[in-house]
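A.B. asks: Here are the chains, one letter per residue:
There are 2 protein chains.
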Amino acid sequence: MSRDKVFNYAAGPSVLPESVLRKAQSELLDYHGSGMSVMEMSHRSKLFQGIFDEAKARLKELIAVPDSHEILLLQGGATTQFAAIPINLLEGGAADYAVTGHFSNRAAEEAKKYGTVRLSCDTSDTNHDRIPTQSELKLSADAKYFYYCANNTTAGTEWHYVPKTAAPLVCDMSSDILSCPVDVSRYGLIYAGAQKNMAPAGLTVVILDKSLIGREPEWTPTMLSYQTMVKHDSMLNTPPCWNIYLFSLVLAWVQEQGGIPAMEQLRAERAGMVYEVLDNSSFYKPHARRDSRSFMNVTFHTPTKELDAAFIAEAAARGMLNVKGYKTQGGLRVSLYNAMPVEGAVAIRDFMKEFEVAHHV
Amino acid sequence: MSRDKVFNYAAGPSVLPESVLRKAQSELLDYHGSGMSVMEMSHRSKLFQGIFDEAKARLKELIAVPDSHEILLLQGGATTQFAAIPINLLEGGAADYAVTGHFSNRAAEEAKKYGTVRLSCDTSDTNHDRIPTQSELKLSADAKYFYYCANNTTAGTEWHYVPKTAAPLVCDMSSDILSCPVDVSRYGLIYAGAQKNMAPAGLTVVILDKSLIGREPEWTPTMLSYQTMVKHDSMLNTPPCWNIYLFSLVLAWVQEQGGIPAMEQLRAERAGMVYEVLDNSSFYKPHARRDSRSFMNVTFHTPTKELDAAFIAEAAARGMLNVKGYKTQGGLRVSLYNAMPVEGAVAIRDFMKEFEVAHHV
Numbered sequence: 001m002s003r004d005k006v007f008n009y010a011a012g013p014s015v016l017p018e019s020v021l022r023k024a025q026s027e028l029l030d031y032h033g034s035g036m037s038v039m040e041m042s043h044r045s046k047l048f049q050g051i052f053d054e055a056k057a058r059l060k061e062l063i064a065v066p067d068s069h070e071i072l073l074l075q076g077g078a079t080t081q082f083a084a085i086p087i088n089l090l091e092g093g094a095a096d097y098a099v100t101g102h103f104s105n106r107a108a109e110e111a112k113k114y115g116t117v118r119l120s121c122d123t124s125d126t127n128h129d130r131i132p133t134q135s136e137l138k139l140s141a142d143a144k145y146f147y148y149c150a151n152n153t154t155a156g157t158e159w160h161y162v163p164k165t166a167a168p169l170v171c172d173m174s175s176d177i178l179s180c181p182v183d184v185s186r187y188g189l190i191y192a193g194a195q196k197n198m199a200p201a202g203l204t205v206v207i208l209d210k211s212l213i214g215r216e217p218e219w220t221p222t223m224l225s226y227q228t229m230v231k232h233d234s235m236l237n238t239p240p241c242w243n244i245y246l247f248s249l250v251l252a253w254v255q256e257q258g259g260i261p262a263m264e265q266l267r268a269e270r271a272g273m274v275y276e277v278l279d280n281s282s283f284y285k286p287h288a289r290r291d292s293r294s295f296m297n298v299t300f301h302t303p304t305k306e307l308d309a310a311f312i313a314e315a316a317a318r319g320m321l322n323v324k325g326y327k328t329q330g331g332l333r334v335s336l337y338n339a340m341p342v343e344g345a346v347a348i349r350d351f352m353k354e355f356e357v358a359h360h361v
Numbered sequence: 001m002s003r004d005k006v007f008n009y010a011a012g013p014s015v016l017p018e019s020v021l022r023k024a025q026s027e028l029l030d031y032h033g034s035g036m037s038v039m040e041m042s043h044r045s046k047l048f049q050g051i052f053d054e055a056k057a058r059l060k061e062l063i064a065v066p067d068s069h070e071i072l073l074l075q076g077g078a079t080t081q082f083a084a085i086p087i088n089l090l091e092g093g094a095a096d097y098a099v100t101g102h103f104s105n106r107a108a109e110e111a112k113k114y115g116t117v118r119l120s121c122d123t124s125d126t127n128h129d130r131i132p133t134q135s136e137l138k139l140s141a142d143a144k145y146f147y148y149c150a151n152n153t154t155a156g157t158e159w160h161y162v163p164k165t166a167a168p169l170v171c172d173m174s175s176d177i178l179s180c181p182v183d184v185s186r187y188g189l190i191y192a193g194a195q196k197n198m199a200p201a202g203l204t205v206v207i208l209d210k211s212l213i214g215r216e217p218e219w220t221p222t223m224l225s226y227q228t229m230v231k232h233d234s235m236l237n238t239p240p241c242w243n244i245y246l247f248s249l250v251l252a253w254v255q256e257q258g259g260i261p262a263m264e265q266l267r268a269e270r271a272g273m274v275y276e277v278l279d280n281s282s283f284y285k286p287h288a289r290r291d292s293r294s295f296m297n298v299t300f301h302t303p304t305k306e307l308d309a310a311f312i313a314e315a316a317a318r319g320m321l322n323v324k325g326y327k328t329q330g331g332l333r334v335s336l337y338n339a340m341p342v343e344g345a346v347a348i349r350d351f352m353k354e355f356e357v358a359h360h361v
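Sequence order for the protein chains is A and B. Be aware that the first sequence starts at 1, since it is given in the numbering used here, and climbs by one per residue. Be aware that the second sequence starts at 1, since it is given in the numbering used here, and climbs by one per residue.
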């Protein structure tokens, strides 16, 4: 199936802006008359340093990263940060973890290796269909930080407020970064695997308050030490150059579209279309509670597993790919990240309506 | 300068085969009629699993990885392995480290965090211009492993024998993997950052004897646990998909060229041309001793720093890029990895002769 016949609703890695891919394609063998691909450049060259600096500058501008915070471009994905965060920030003490889904649970499990983990909330009793309110959060007086995951890709829920805590906020924004405004100054640490809203897989962005660095124990693996990575501006060793280049192109694309306000408007428009079908249907059952709905990942079921499977197969046959729910969650999931054209939301909405008419009993 | 006017002698990231780049370019927006870029694919899709499995199968075939050994495709570069290796294999005990250059020294320093490091050799007294002989190596009876770096990118030296040790061999082959035959069965662990001979930066290949897994302590960061990564076939989390795809394309290219024997012949031909100039010159001074010379990185000086700088500038003006020596080493370095065409060796050889004639006093 050709590219113009396909919409890719994968939860990550996921669709990238077509204009970004075309630019990368056109420059692939020869970046700006250098005679080299970005994949072939020394990371110590002025040429690559320019790409690297521009990427950081674009991110800094787009989400207004204050000078109090440092931007790191790392490897290893969010799962590496599940360990790096407690190693760097816990000092063997305690932290509060809000468990609202699969990945925040894994983060909490990993942190237990390095100190005391207190569950500020745990929504597993209702299969993570909700985000707790501020008053429901249990907060410890001695917490080194409060950890949460802003958007739960597997459950399809999203925090629509910033928790008020005495401890520094640490937030996994892997699946909704750049899709809505964020006041970076309120966070001790923000991180995001890049493969949903920002770049191809293999890059992790960490934004951290400089006052938090330098607390890691001596046995910290060098590559997991925030202090070391800050000191070397993320280039202690060879960074994932191509991924950083694509990251920069995506950031430029977001700027061209009108920045974060435009992304916020578009995500509301796209997700709104799909939720509208769910709200007007007795066929589909949405997973997330209304007040906790994600703008990035819409999760739902049809009446039966057989119909879920039929939905997935029929959608794929029409070029609407990757709408299967996460393995632990089942059902269906439509991911609508920044790079998803509005036409992609229209297409899945129309298909959902059609499928309901055909299969409703 | 256009691509056909340039030779890139960078030490890594470095030149990739042009046919590989052209294939990646042609498939960039639509991989095999999927309507998606490899950068957009779910890593859990059959399509990506096919790419992943093919990459592993090609490597297994090319260097005959026995069934006793597992292939891991990881993130974080060699520097992450500097920590992962002792964390996974040292069990708080001792290991022998052969320090023959910048990176083996860094590996030894990192390992000290996790146990006792015994220097089997240390060639820093002569600025790492040599590889010790077997009889010069000090070997401890209680070593959990013997660590060495097969090719020293910064010094321009290479081990031309496999050390005989009672302890399992652990080897950093970042800069000469796939350039010459290797008997994998003799190694406990082989690893290589991919950005020199194999793929764009952001991928690290680890090949390890399965009998060595499962020794890491409980506090091991999950992403650094070989046991966990083996269990999840390197996909505990999202792998660097694009890098793995390019890796597979490069492996196919090596196969097409005639495999490792062809690579070995070519490396001898390329490096031979440059060493011949050095051996017939009273102007250039080679850094490495004759018996320890690297086939990948040729290191040398002109009579003065000023002439070194002039060499670099004049070479660059003619499209011969990145011949500056490593920052701690100074002088000049010509890297001639697998993807460097023989014409690239001819070009730098001819330029060296010309430069000598012009500047010799």
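Misleading hints may appear alongside valid ones.
Claimed, not checked - Lysine to any residue pairs mimicking SDA-like chemistry, simulated, CA-CA at most 20 angstroms apart: (1) A:Lys-5 <-> B:Lys-113; (2) A:Lys-5 <-> B:Asp-30; (3) A:Lys-23 <-> B:Ala-317; (4) A:Lys-112 <-> B:Thr-222; (5) A:Lys-231 <-> B:Lys-327; (6) B:Lys-23 <-> A:Lys-113; (7) A:Lys-5 <-> B:Tyr-31; (8) B:Lys-327 <-> A:Tyr-275; (9) A:Lys-113 <-> B:Glu-218; (10) B:Lys-23 <-> A:Ser-26; (11) B:Lys-23 <-> A:Gly-35; (12) A:Lys-113 <-> B:Leu-47; (13) A:Lys-5 <-> B:Ser-45; (14) B:Lys-113 <-> A:Pro-217; (15) B:Lys-231 <-> A:Thr-328; (16) B:Lys-327 <-> A:Leu-236; (17) A:Lys-46 <-> B:Glu-27; (18) B:Lys-113 <-> A:Ser-26; (19) A:Lys-23 <-> B:Leu-28; (20) A:Lys-46 <-> B:Ala-309; (21) B:Lys-327 <-> A:Ser-45.
Claimed, not checked - Per the computed footprint, the stretches of chain B lying under chain A, defined by three or more beta-carbons under 8 angstroms from a beta-carbon of chain A, are: (22) 13–21; (23) 241–251; (24) 255–266.
Calculated from the structure, these hints are not laboratory results. For glycine and all other residues, C-beta sits at the position ideal for the given N, C-alpha and C.
A.B. asks: If a hint holds in the structure, say so; if it doesn't, say that too.
C.D. replies: Here is what the structure says about each hint:
As the CA atoms of A:Lys-5 and B:Lys-113 are separated by approximately 54 angstroms, the hinted pair breaks the 20 angstroms bound. For a cut-off of 20 angstroms, the pair hint linking A:Lys-5 to B:Asp-30 stands: about 11 angstroms separates their Cα positions. With a C-alpha separation of about 27 angstroms, the suggested pairing of A:Lys-23 with B:Ala-317 is violated against the 20 angstroms cut-off. At roughly 12 angstroms between alpha-carbon atoms, A:Lys-112 and B:Thr-222 fall within 20 angstroms of each other, so this suggested pair holds.
Only pairs whose Cα atoms come within 20 angstroms are accepted, and A:Lys-231 paired with B:Lys-327 is accepted, the gap being roughly 18 angstroms. Our distance criterion of 20 angstroms between C-alpha atoms is broken by B:Lys-23 and A:Lys-113, whose separation comes to about 45 angstroms. A distance of roughly 14 angstroms separates the Cα atoms of A:Lys-5 and B:Tyr-31; the hinted pair therefore holds under the 20 angstroms criterion. Of the pairs offered as hints, the one joining B:Lys-327 and A:Tyr-275 is violated, with about 57 angstroms between alpha carbons and a cut-off of 20 angstroms exceeded.
The hinted pair formed by A:Lys-113 and B:Glu-218 meets the criterion: a straight-line CA distance of about 7 angstroms does not exceed 20 angstroms. With a C-alpha separation of about 13 angstroms, the suggested pairing of B:Lys-23 with A:Ser-26 holds against the 20 angstroms cut-off. Distance check on the hinted pair: B:Lys-23 and A:Gly-35 sit about 17 angstroms apart at the alpha-carbon level, within 20 angstroms; holds. Distance check on the hinted pair: A:Lys-113 and B:Leu-47 sit about 36 angstroms apart at the alpha-carbon level, beyond 20 angstroms; violated.
Between A:Lys-5 and B:Ser-45 the alpha-carbon distance is near 19 angstroms, which keeps this suggested pair within the 20 angstroms criterion. For the suggested pair B:Lys-113 and A:Pro-217, the alpha carbons sit about 10 angstroms apart, so the restraint of at most 20 angstroms is met. For the hint linking B:Lys-231 to A:Thr-328, the alpha-carbon distance of about 18 angstroms falls within 20 angstroms, and the restraint holds. Our distance criterion of 20 angstroms between C-alpha atoms is met by B:Lys-327 and A:Leu-236, whose separation comes to about 14 angstroms.
At roughly 29 angstroms between alpha-carbon atoms, A:Lys-46 and B:Glu-27 are farther apart than 20 angstroms, so this suggested pair is violated. Between B:Lys-113 and A:Ser-26, the direct Cα distance comes to roughly 46 angstroms. Violation of the 20 angstroms bound is thereby established for this hinted pair. Between the alpha carbons of A:Lys-23 and B:Leu-28 the distance comes to roughly 11 angstroms, so the proposed pair stays at or under 20 angstroms and holds. A threshold of 20 angstroms between alpha carbons decides the hint, and for A:Lys-46 with B:Ala-309 the separation of about 16 angstroms falls inside it, so the pair holds.
Of the supplied pair hints, the one linking B:Lys-327 and A:Ser-45 holds, its CA atoms being roughly 12 angstroms apart against a limit of 20 angstroms. Chain A is given as covering the stretch 13–21 of chain B, and this holds because 6 residues of the stretch bring a CB closer than 8 angstroms to a CB of that chain, at least three being needed. With a threshold of 8 angstroms between beta carbons, the proposed coverage of the stretch 241–251 of chain B by chain A holds, since 4 of its residues qualify and at least three are required. Beta-carbon proximity to chain A at under 8 angstroms applies to 0 residues in the stretch 255–266 of chain B; the threshold of 3 is not reached and the given coverage is violated.
Hint violations for this structure: numbers 1, 3, 6, 8, 12, 17, 18 and 24, all remaining hints satisfied.
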